[in-house]
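> Listed below, chain by chain, are the residues.
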Amino acid sequence: MSKSDIILEIKNLTKEFNVKTKLFGYGKTPTIKAVSDISFFVKRGETFGLVGESGCGKTTLGRCIVRGIDATSGQVMYYMEDGTKIDFLKAKEEEYKDLRKRIQMIFQDPYSSLDPRMTVYDIISEPLKACYKLSKPEIDDRVKEIGKATGLDISYLKRYPHAFSGGQRQRIGIARALITLPDIIVCDEPVSALDVSIQAQIINILKDLQAEYKMTYIFIAHDLSVVEYISDRVAVMYLGRIVELAPTEKMYSYPKHPYTEALLSAVPNPDPERKMRRIILQGEVPIPSNPPAGCHFHPRCPYRGKECDSVIPELYELEDGHYVACHYANKLRLSGIGQVQ
Amino acid sequence: MLKYIVRRILYIIPTTIFISIVIFLLIQLPPGDFLSVYTAKAVQEGETIDKQALERMRQDYGLDKPWYVQYFKWISGIITRGDFGYSFTYKRPVISVIKQYLGITIMVSLVTMLFTYIVAIPIGIFSAVKQYSIGDYIFTIIGFFGMGTPNFLFAIVLMYLSFKYFGNPMIGLISSEYVESAWTWAKILDLLKHMIIPVIVIGTANTCGLIRVMRGQLLDELNKQYVITARAKGLPERRILFKYPVRAAINPIISTIGWSLTSIFTGSTITAIVLNLPTQGPVMHKALLNQDMYLAGTWLLLMTVLTLLGTLISDLLLAWLDPRIRYEKKGK
Amino acid sequence: MRCEDRKNNDILLEVRNLKVHIKLDEGILKAVDGVSFPIKRGKTMGLVGESGCGKSLTSKAIISINPDICQTTGEVLFYDSEKNEIINLLELEKDSAEIRDIRGKKISMIFQEPMTAFSPLHTIGNQIMENILIHKMKNKKEAKEVAINMLKRVGIADAEKRINQYPHEFSGGMRQRAMIAMALSCNPDLLIADEPTTALDVTIQAQVLELMNQLQKEYEMAILFITHNLGVIAEICDEVAVMYLGEIVERASVKELFRNPRHPYTKGLIKSIPKMGRKKERLYSIEGNVPLPLDLPPACHFYERCEYRMDGICNKQKVPEIQLSEDHMVKCFLYNNYDNIKQDNYIKQETEAADV
Numbered sequence: 182m183s184k185s186d187i188i189l190e191i192k193n194l195t196k197e198f199n200v201k202t203k204l205f206g207y208g209k210t211p212t213i214k215a216v217s218d219i220s221f222f223v224k225r226g227e228t229f230g231l232v233g234e235s236g237c238g239k240t241t242l243g244r245c246i247v248r249g250i251d252a253t254s255g256q257v258m259y260y261m262e263d264g265t266k267i268d269f270l271k272a273k274e275e276e277y278k279d280l281r282k283r284i285q286m287i288f289q290d291p292y293s294s295l296d297p298r299m300t301v302y303d304i305i306s307e308p309l310k311a312c313y314k315l316s317k318p319e320i321d322d323r324v325k326e327i328g329k330a331t332g333l334d335i336s337y338l339k340r341y342p343h344a345f346s347g348g349q350r351q352r353i354g355i356a357r358a359l360i361t362l363p364d365i366i367v368c369d370e371p372v373s374a375l376d377v378s379i380q381a382q383i384i385n386i387l388k389d390l391q392a393e394y395k396m397t398y399i400f401i402a403h404d405l406s407v408v409e410y411i412s413d414r415v416a417v418m419y420l421g422r423i424v425e426l427a428p429t430e431k432m433y434s435y436p437k438h439p440y441t442e443a444l445l446s447a448v449p450n451p452d453p454e455r456k457m458r459r460i461i462l463q464g465e466v467p468i469p470s471n472p473p474a475g476c477h478f479h480p481r482c483p484y485r486g487k488e489c490d491s492v493i494p495e496l497y498e499l500e501d502g503h504y505v506a507c508h509y510a511n512k513l514r515l516s517g518i519g520q521v522q
Numbered sequence: 189m190l191k192y193i194v195r196r197i198l199y200i201i202p203t204t205i206f207i208s209i210v211i212f213l214l215i216q217l218p219p220g221d222f223l224s225v226y227t228a229k230a231v232q233e234g235e236t237i238d239k240q241a242l243e244r245m246r247q248d249y250g251l252d253k254p255w256y257v258q259y260f261k262w263i264s265g266i267i268t269r270g271d272f273g274y275s276f277t278y279k280r281p282v283i284s285v286i287k288q289y290l291g292i293t294i295m296v297s298l299v300t301m302l303f304t305y306i307v308a309i310p311i312g313i314f315s316a317v318k319q320y321s322i323g324d325y326i327f328t329i330i331g332f333f334g335m336g337t338p339n340f341l342f343a344i345v346l347m348y349l350s351f352k353y354f355g356n357p358m359i360g361l362i363s364s365e366y367v368e369s370a371w372t373w374a375k376i377l378d379l380l381k382h383m384i385i386p387v388i389v390i391g392t393a394n395t396c397g398l399i400r401v402m403r404g405q406l407l408d409e410l411n412k413q414y415v416i417t418a419r420a421k422g423l424p425e426r427r428i429l430f431k432y433p434v435r436a437a438i439n440p441i442i443s444t445i446g447w448s449l450t451s452i453f454t455g456s457t458i459t460a461i462v463l464n465l466p467t468q469g470p471v472m473h474k475a476l477l478n479q480d481m482y483l484a485g486t487w488l489l490l491m492t493v494l495t496l497l498g499t500l501i502s503d504l505l506l507a508w509l510d511p512r513i514r515y516e517k518k519g520k
Numbered sequence: 012m013r014c015e016d017r018k019n020n021d022i023l024l025e026v027r028n029l030k031v032h033i034k035l036d037e038g039i040l041k042a043v044d045g046v047s048f049p050i051k052r053g054k055t056m057g058l059v060g061e062s063g064c065g066k067s068l069t070s071k072a073i074i075s076i077n078p079d080i081c082q083t084t085g086e087v088l089f090y091d092s093e094k095n096e097i098i099n100l101l102e103l104e105k106d107s108a109e110i111r112d113i114r115g116k117k118i119s120m121i122f123q124e125p126m127t128a129f130s131p132l133h134t135i136g137n138q139i140m141e142n143i144l145i146h147k148m149k150n151k152k153e154a155k156e157v158a159i160n161m162l163k164r165v166g167i168a169d170a171e172k173r174i175n176q177y178p179h180e181f182s183g184g185m186r187q188r189a190m191i192a193m194a195l196s197c198n199p200d201l202l203i204a205d206e207p208t209t210a211l212d213v214t215i216q217a218q219v220l221e222l223m224n225q226l227q228k229e230y231e232m233a234i235l236f237i238t239h240n241l242g243v244i245a246e247i248c249d250e251v252a253v254m255y256l257g258e259i260v261e262r263a264s265v266k267e268l269f270r271n272p273r274h275p276y277t278k279g280l281i282k283s284i285p286k287m288g289r290k291k292e293r294l295y296s297i298e299g300n301v302p303l304p305l306d307l308p309p310a311c312h313f314y315e316r317c318e319y320r321m322d323g324i325c326n327k328q329k330v331p332e333i334q335l336s337e338d339h340m341v342k343c344f345l346y347n348n349y350d351n352i353k354q355d356n357y358i359k360q361e362t363e364a365a366d367v
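As they're listed, the protein sequences go chains Y, W and U.
Heads up, the first sequence is in this note's numbering, so the first residue is 182 and it goes up one at a time.
Heads up, the second sequence is in this note's numbering, so the first residue is 189 and it goes up one at a time.
Heads up, the third sequence is in this note's numbering, so the first residue is 12 and it goes up one at a time.
Next comes chain Y alone, as it looks inside the complex:
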């Protein structure tokens, strides 16, 4: 794969949270590693899925990538069309402003992510005014174009967000992200707060827009079927680390990490005649402030061996493009979708 295919490369990204800041700064503060030494790349034009259960750090990772919060360490390399690369996390002023309009974000909650005191028109045009110097008619044209593309009723643009339903608000959120014509949109659970019938509308719109505007998505979600549907490649996260990363079909059909296998088997299948063998994981996700030693997944892993509780497995390329972090990845025969009956 040539370097020019890559648009974004995340290198050793780590985000730690201090649980409490103490008065007068005495006493030790426990740190939580929400994202721990994560590296991966995103190809131009693809949809890169990030899945995991609540608390796995996927949202934090997404926010670090768009600089919504500051990463503790690591790099987010953005590859320009001419092959030069810039670390977005260190970009300053002009550079930052330029990258800012290239990387946008869509949020989960269509209710709290829109300022209720701004009209929809102002919400959508705000990033545009911040990034470009455009005349009023130019802004007007752009807002209308994007509004149409996202399926908003143009005549309603002067209204306030409360007049819109959940699905409509999510369209507003998409329009706001799209207005600067970004190359990358980080979508943080964009459909999980929506009803099934609305969810399908939004997924379709996202796909259409991607084709039309040639964008790259980083799609964060907990719903495995949605992620499978929309993604080209998927990374599975567990307690702040990527445990497996592969092209979608490979991952879903031939998972290599026991956690991926369990996750896939746990998804309720809307087909009563195809009951699957279910792997019920014991216990719950441990709290991130005190992760288990060794492989973070080992206390719940049905296949754990002797080194699992002491040695942290590194993410390595097991097969072409299929990365996994498990000591037994090449020995286990795990089942995926379509194989288990």
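In case anyone wonders, no lab produced these hints; they're calculated from the structure.
A hint or two may mislead.
Capping the alpha-carbon separation at 30 Å, the derived lysine-lysine pairs in DSS-like fashion look like this [unchecked claim]:
hint, chain 1, residue 1, chain 2, residue 2
1, U, Lys30, W, Lys318
2, U, Lys291, Y, Lys329
3, U, Lys34, W, Lys318
4, U, Lys290, Y, Lys431
5, U, Lys41, W, Lys412
6, W, Lys412, U, Lys155
7, W, Lys412, U, Lys34
8, U, Lys41, W, Lys318
9, U, Lys105, U, Lys30
10, W, Lys431, U, Lys172
11, U, Lys290, Y, Lys388
12, U, Lys147, W, Lys431
13, W, Lys431, U, Lys151
14, Y, Lys388, U, Lys291
15, W, Lys412, U, Lys163
16, U, Lys163, W, Lys431
17, U, Lys291, Y, Lys431
18, U, Lys291, Y, Lys224
19, Y, Lys388, U, Lys282
20, Y, Lys395, U, Lys291
21, U, Lys30, W, Lys412
22, Y, Lys214, W, Lys191
23, U, Lys149, W, Lys412
24, Y, Lys224, U, Lys290
25, U, Lys282, Y, Lys395
26, W, Lys412, U, Lys172
27, Y, Lys339, Y, Lys388
28, W, Lys431, U, Lys152
29, W, Lys412, U, Lys151
30, U, Lys147, W, Lys412
31, W, Lys431, U, Lys155
Given chain Y, work out where chains W and U should sit, using these hints.
Relative to the frame of chain Y, chains W and U by itself:
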């Protein structure tokens, strides 16, 4: 938890010192001092003053020195000798003035607070449970009148009514015939009678506010999921109400006891002047007017400590009532 | 008379023409408008629909725990095995001893938000024991023992210690287990589960569903399972009713519903969820949004969004309930006569051909 309490108490010390400095600075701020005010008055009234005596006093208290020297003198006197300074207006040590008024002030405050809670909480519960009923509306209207009427006006009206129907405006806290007598049942009864108007006047505004708070809190809680859970268990409505939502709604209110103590303490000055109550309000007022710096400073210092303690008490009460907060503190 | 008929058959509870209307300033919100379905002994009935379809209000109306602004009419016939009689639960006063004796004992309920369904100020043990103390026994010590055993039964380790803890010391999955322990502590005939796994992660959801399956067999109870997730319905239910805007538009056994969905809304729902391991083609999406059920005409509520709408019929007349077979009911004009059914089969074959 114990560690937390100890630490909170330790925090009070630097805070108090800091605030005491600010207080002293503020009192010092107006030009002149008590002695110059005193001299000016005396001259106005044509009295002669002993210039030498004045100069002696000025030196004794270091009034001619910079403010930080005065502050240091004052504060070291408090710490080493328990000497809070000399009240120029009352012509005796500050501590004796405070002793005279503190007891009665605290009593009036406590009775007022008790009145506030006893009246407000049941009415708040009623208003929430019977939201938008006639009773709720009536209490709401009364409540807004209570909050909107200035206390001193309310006091004057009550005094007038009391005078008109009982022949006694109930000024002060103790009738003149009892002032010198020992504490008998008759005297206590007299005191209680005199306390009715101040308690109602000072308490009403707080009561009305508290009714709104209680009502709002309870309305929030009544719609919570756990109330439905309790209902689905088959509990009777009344038991659900008192075991779950009321308990939850009352927590933040009980936790404000600490602060409301000081606010009732300080907030009733004008009422106390109108009603001629022998409480700290008028004393403080006089002290400030006359630049009686040590008296004013001491009162303010006392307020500060009370506020800090009140806040601590509030936090402890909340931790005691709410296991979630207790759990957070456990870590410390 | 009807009582006699029903005593021996397997219907535990029957909801008939249930309506929950809410009076608002803007008009009457017909949140639930004429819903009927039976719940069979020991079986699981699923109620599925999108937010605002009235499924949750329906379930709460069964034991009359909706807030006072909800005006509930209709019948909820419950066969009380202890007294051997059929009671219409809606005829009982809301706070009467009779209905309170049924709530939590014969019909108990678990909720979606395990976070807020327990009072944060009381221990888990206190809240579980309370259920036992009002229905089963007066002795606190024995009640505590029952509660501990129930907690153990739902898979909570260290139950003796856990029982004295507060809800915030439990994780989401644990809380839902504790909730189930509380609901089953008096061995109910019917468990109403209102979106019990919606707030949980998939692996925890799988655990809880598995637990519910086991306990259902063990306690021989019926479950009314409310969810918006068709996958969960397929996993756990025997029968399903699909709700849209306060009405049941289709009702069938699970197999039949997923194999032969008839109502355009049901079809749309099933087609609009991405299925794993299938070829990725454009998702089907139902047009428009769910309207507010305010002042709806007595016609098909799905009309505006329906692909097969017939102007003059669907938007003008009251939609009939058509019994396609013994266990399949659909509320749609398309099935008014046999030809349409054939036509529908044709449509279905077409879509299936495209599906594989």
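> Kindly indicate which numbered hints from before are broken by the structure, ordering the numbers from low to high.
The structure breaks none of the hints.
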